[in-house]
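**Q** Here is how the chains run, residue by residue.
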Amino acid sequence: MAENALSSRDRDGGIADVVKRLFVRLGILPFLLVIAIVVFALLSDNFLTPRNLMNVLRQSVYLMIVSLGQMLALLTGGFDLSVGTILALSSVVGALTMSTLHAMYPDMVGLSIAVGCVAGIAAGVSIGMVNGLGVAVFKVSPFMMSLGMASVGFGIALYLTGGVPVYGMPQAFGDVFGFGSLFGVATPVYVAGLLAVGLYLFLYWTPQGRYLYAVGGNIKAASLSGINTGGTLFLTYTLCGFFAAVSGMLLTARLDTGEANIGASMPLESIAACVIAGVSLRGGVGRLENVVLGALFIGLVQNGMNLARIESYLQTVVLGALLILAVIADQIRLRYVASLKD
Amino acid sequence: MSAITAEPRDTVQPDKAAPPLLQTIGITKDYPGVRALDDVSFELRAGEVHVLFGENGAGKSTLISILAGANAPTAGRIVLRGEEVHLHSVHDARDLGISAVFQEFSLIPQMSVEENLFLGAEPTRSGVIDRARIRSEAREILDELGFALKPETRVDRLTRAEQQMVEIAKAFRSDLSVLILDEPTASLTSHETDHLFALIEKLTERGVGIVYITHRMAEIRRIGDRITVLRDGRYIDTVDAGSASEDELVQLMTGRVVGGIFPRLDLGPAGAPVLEVEALSTRDGAVRDVSMHVRAGEIVGMAGLVGSGKSELMQACFGARAVAAGHVRLKGHDTTGRLPRQNICDGFLYLPSDRRTEGLMMMRSVRENMALASLDIPPFSRGPVLDRRGEARKVAELAGRLNLSPPRIERMVEHFSGGNQQKVMLARSLTRSYDLIAFDEPTVGVDVGTRAAIYEFIVDLARAGVAIVLISSDLPEILHLTSRAYVFYRGRVQAEVPADQLTEENVLAHFFERESA
Numbered sequence: 001m002a003e004n005a006l007s008s009r010d011r012d013g014g015i016a017d018v019v020k021r022l023f024v025r026l027g028i029l030p031f032l033l034v035i036a037i038v039v040f041a042l043l044s045d046n047f048l049t050p051r052n053l054m055n056v057l058r059q060s061v062y063l064m065i066v067s068l069g070q071m072l073a074l075l076t077g078g079f080d081l082s083v084g085t086i087l088a089l090s091s092v093v094g095a096l097t098m099s100t101l102h103a104m105y106p107d108m109v110g111l112s113i114a115v116g117c118v119a120g121i122a123a124g125v126s127i128g129m130v131n132g133l134g135v136a137v138f139k140v141s142p143f144m145m146s147l148g149m150a151s152v153g154f155g156i157a158l159y160l161t162g163g164v165p166v167y168g169m170p171q172a173f174g175d176v177f178g179f180g181s182l183f184g185v186a187t188p189v190y191v192a193g194l195l196a197v198g199l200y201l202f203l204y205w206t207p208q209g210r211y212l213y214a215v216g217g218n219i220k221a222a223s224l225s226g227i228n229t230g231g232t233l234f235l236t237y238t239l240c241g242f243f244a245a246v247s248g249m250l251l252t253a254r255l256d257t258g259e260a261n262i263g264a265s266m267p268l269e270s271i272a273a274c275v276i277a278g279v280s281l282r283g284g285v286g287r288l289e290n291v292v293l294g295a296l297f298i299g300l301v302q303n304g305m306n307l308a309r310i311e312s313y314l315q316t317v318v319l320g321a322l323l324i325l326a327v328i329a330d331q332i333r334l335r336y337v338a339s340l341k342d
Numbered sequence: 001m002s003a004i005t006a007e008p009r010d011t012v013q014p015d016k017a018a019p020p021l022l023q024t025i026g027i028t029k030d031y032p033g034v035r036a037l038d039d040v041s042f043e044l045r046a047g048e049v050h051v052l053f054g055e056n057g058a059g060k061s062t063l064i065s066i067l068a069g070a071n072a073p074t075a076g077r078i079v080l081r082g083e084e085v086h087l088h089s090v091h092d093a094r095d096l097g098i099s100a101v102f103q104e105f106s107l108i109p110q111m112s113v114e115e116n117l118f119l120g121a122e123p124t125r126s127g128v129i130d131r132a133r134i135r136s137e138a139r140e141i142l143d144e145l146g147f148a149l150k151p152e153t154r155v156d157r158l159t160r161a162e163q164q165m166v167e168i169a170k171a172f173r174s175d176l177s178v179l180i181l182d183e184p185t186a187s188l189t190s191h192e193t194d195h196l197f198a199l200i201e202k203l204t205e206r207g208v209g210i211v212y213i214t215h216r217m218a219e220i221r222r223i224g225d226r227i228t229v230l231r232d233g234r235y236i237d238t239v240d241a242g243s244a245s246e247d248e249l250v251q252l253m254t255g256r257v258v259g260g261i262f263p264r265l266d267l268g269p270a271g272a273p274v275l276e277v278e279a280l281s282t283r284d285g286a287v288r289d290v291s292m293h294v295r296a297g298e299i300v301g302m303a304g305l306v307g308s309g310k311s312e313l314m315q316a317c318f319g320a321r322a323v324a325a326g327h328v329r330l331k332g333h334d335t336t337g338r339l340p341r342q343n344i345c346d347g348f349l350y351l352p353s354d355r356r357t358e359g360l361m362m363m364r365s366v367r368e369n370m371a372l373a374s375l376d377i378p379p380f381s382r383g384p385v386l387d388r389r390g391e392a393r394k395v396a397e398l399a400g401r402l403n404l405s406p407p408r409i410e411r412m413v414e415h416f417s418g419g420n421q422q423k424v425m426l427a428r429s430l431t432r433s434y435d436l437i438a439f440d441e442p443t444v445g446v447d448v449g450t451r452a453a454i455y456e457f458i459v460d461l462a463r464a465g466v467a468i469v470l471i472s473s474d475l476p477e478i479l480h481l482t483s484r485a486y487v488f489y490r491g492r493v494q495a496e497v498p499a500d501q502l503t504e505e506n507v508l509a510h511f512f513e514r515e516s517a
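As given, the protein sequences belong to chains A and B, one line each in that order. Residue 281 in the working numbering sits at position 281 of the first sequence; the count goes up by one each step and never skips. Residue 377 in the working numbering sits at position 377 of the second sequence; the count goes up by one each step and never skips.
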């Protein structure tokens, strides 16, 4: 009899109930993806071509890598507003190192590329480490800490370059990491794939990865369970800096110049990619796979709007609106979760 | 003048014929998985101090939160002066003259006393806040109550006792007919307490009915008129404060079928000392000069009021609270000031009292919560890599052993009942082999059935030779579940009570002794 009651309730719920359950289970992202694909496919014939989709993938890579780092900060209940600056600083430092070395030793192209990349990434990581130190040791709120460091890093990048782009990097750097491809897939895509797989293994197959979720889930409980919460926070922001710096070097290769003015939209876009993917702003909740999809979604929307000849100023409006929509959807979802429970 | 003397106090004295001022009829309150109040009928007469008495979790707080409009009952009616009322919010209740002063204050620390007094009901003049009127009315209220407070002082600059005065003064903003006080003297000095009692007397003379929650016998004696005893969410009895003996009250409070809920305490002889504490003081002064020890295979109780230092001592031993002086030795080694991590690896676990804020990650699964403290060892990991199969198997096994219901280990902890959430946290003590486990209030907000399971669980651990510290504000737990107990009072150990002297009178004496003196 109980069974009867149950199945009749299921029938009554119908499609609306199925949609609601899907929404609770998967979040807003799948719905947005479907809507975006349908709308842009209708607006432009070129949208759903393999060539264009490959383009979207390549264009989304930079944001995707930054979002992976941003996700870590969000998981621990904070966020990182300095990712844009890290991108810029690593680009400038990497380009300066590379071009200087290249001018001194024109024959040793491989060496100057390697040293330049290491220098650029080290610069970005050090910003992340300062963020981590401030948040973990001095208990500065992540908001203030990363906002302050955004200004510090941007200032350093401008000071180093005097505001002009850095030229003179080896040709090969751009050829390989900017425009290169293997089996028809662009090099940056491989880099992003490698990073995503590495981060996946770290997050879901090591205790330290789990501790990241624990710190965001309940920092007191984590501490009473013997987790080094300060160390975990430090690691989080350091890793976030690392991811943003790698993205910065890849973007430098694509642009063929070191620029202090890149990455300004990264904080917003990376947080948007995470939130749309269901990463909770309260910390402790979010999946890496979804964040990859979230970044792809934003790339898809930007690409679609370009094809549909929507002005770039208006694109910014759409992006901001999407972010807010995602947060609202998350709130509604929480309410549903409470009513459905499973 | 003659009018006042001609009308003696007894016109507003409790009058059995008159209808009660406030009455609840069959109030029931359900929370997911727990029935907090079960068909409670209670009445308050004008001009009386009616004490609500009962253990933690007996339903006192739920009842007053319903009376104050902060919570809606699942079933039942509230009758004020013979008319049924529906209290949808604290605001509603306040408009009807029912005000409550909870233990947690509803003050905004950054605002001044006067701003807090009139918060939400600021007098205005042509749309602008009338500061002069706020100032004068605030002063009027404070003067009338005899509180030496300046209306313009910021609330965060006040002591806790002064903040409580503000909270009480807030109740006087509107015409007051029912005042609810939840353990108001917990943070007051004896002088301040005298003042509060004088105020209460003044109010009852005016015909205000007072609902008063306290655990302190001395206070009941001093100001109580009648006492209603609640137990496990049910109404037990209402007795006259003048004639009820202390024994009678404690029996009403704890008189459940004791044999049914507590397991038999058949522990073998205690083994070697596991934890030794020598003259320990914490930096914040919550623990002062405490020495104690715990042996393998015994359950040592820590009794005392909330804030007496009983929890704080174990937190300090565990490394979650800074130590100022003294020594902690775990299994013979000095471990003073070590981090929780090192203590856990060395076989010492502390399980906090507040599972929601300190114990569990509410939005993560049962599996992740249970495994949290042991991810570095098998079966939860193999080398540096998590063994997710082993983890799931072990967690499922523990969920079965603790009768987790429903037994779904991937479900969010948030969606379990309080008792099952507690089980998830307690399961952590089985994920490693521990030599010493401190349970801090392990049965707070837990239904009776689960409570019995938790007691059995604790005794089982002790039988297996684990040294157990049981920190509890619940007297029956201390009496029936421990081999011996330390009684705490204001940060110090007031007494060590050995097994053969563990009786209510003996333990309670040390709770209250200095209170009444």
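Some hints here could point you the wrong way.
Unchecked claim - Straight line, CA to CA, 20 angstroms or less: simulated DMTMM-like cross-link-like pairs of lysine to aspartate or glutamate:
{"hint": "1", "chain 1": "A", "residue 1": "Lys220", "chain 2": "B", "residue 2": "Glu122"}
{"hint": "2", "chain 1": "A", "residue 1": "Lys220", "chain 2": "B", "residue 2": "Glu144"}
{"hint": "3", "chain 1": "A", "residue 1": "Lys220", "chain 2": "B", "residue 2": "Asp284"}
{"hint": "4", "chain 1": "B", "residue 1": "Lys331", "chain 2": "B", "residue 2": "Glu414"}
{"hint": "5", "chain 1": "A", "residue 1": "Lys139", "chain 2": "B", "residue 2": "Glu358"}
What the hints assert, rightly or not - Far from chain B by the CB rule (all over 12 angstroms, computed), these chain A residues:
{"hint": "6", "residue": "Ile35"}
{"hint": "7", "residue": "Arg58"}
{"hint": "8", "residue": "Ala122"}
{"hint": "9", "residue": "Gly162"}
{"hint": "10", "residue": "Gly174"}
{"hint": "11", "residue": "Leu201"}
{"hint": "12", "residue": "Val215"}
{"hint": "13", "residue": "Leu224"}
{"hint": "14", "residue": "Ile227"}
{"hint": "15", "residue": "Ile310"}
{"hint": "16", "residue": "Leu319"}
{"hint": "17", "residue": "Leu322"}
{"hint": "18", "residue": "Leu325"}
None of these hints come from the bench; they were simulated from the model. Computed from a prediction, not measured in an experiment: that's the story for all the values here. The beta-carbon is built from N, C-alpha and C at its ideal position, and this holds for glycine as well.
**Q** Per the stated criterion, does the least C-beta distance between A/Val215 and chain B lie above 12 angstroms, as a non-interface residue requires?
**A** violated, 9 angstroms
**Q** Decide if the proposed pair is consistent with the structure: B/Lys331 and B/Glu414, CA atoms, cutoff 20 angstroms inclusive.
**A** It is violated: about 37 angstroms lies between the C-alpha atoms, which goes past 20 angstroms.
**Q** A/Lys139 and B/Glu358: Cα distance at most 20 angstroms?
**A** holds, 19 angstroms
**Q** Within a Cα-Cα threshold of 20 angstroms, do A/Lys220 and B/Glu122 meet the stated pairing?
**A** violated, 39 angstroms
**Q** Is the nearest Cβ of chain B still more than 12 angstroms from the Cβ of A/Ile35?
**A** The assertion about A/Ile35 holds, with a minimum of 27 angstroms to chain B.
**Q** For A/Leu201, is the shortest beta carbon distance to chain B beyond 12 angstroms?
**A** Given that some Cβ of chain B is not farther than 12 angstroms from that of A/Leu201, nearest at about 9 angstroms, it is violated.
**Q** Please settle this one: A/Leu325 was flagged as non-interface, so is its CB more than 12 angstroms from every CB on chain B?
**A** A/Leu325 clear of chain B: closest Cβ-Cβ about 22 angstroms, beyond 12 angstroms.
**Q** A/Leu224 clear of chain B by more than 12 angstroms, beta carbon to beta carbon?
**A** violated, 6 angstroms
**Q** Going by Cβ atoms, does A/Gly162 stay more than 12 angstroms from chain B at every point?
**A** holds, 46 angstroms
**Q** Using Cβ atoms and 12 angstroms as the threshold, tell me whether A/Leu322 really stays out of contact range of chain B.
**A** Holds, since 24 angstroms exceeds 12 angstroms.
**Q** Is A/Lys220 within 20 angstroms of B/Asp284, Cα to Cα?
**A** holds, 19 angstroms
**Q** Taken at face value, is the distance from the CA of B/Glu144 to the CA of A/Lys220 at most 20 angstroms?
**A** Cα-Cα ~44 angstroms, so violated.
Hint violations for this structure: numbers 1, 2, 4, 11, 12, 13, 14, all remaining hints satisfied.
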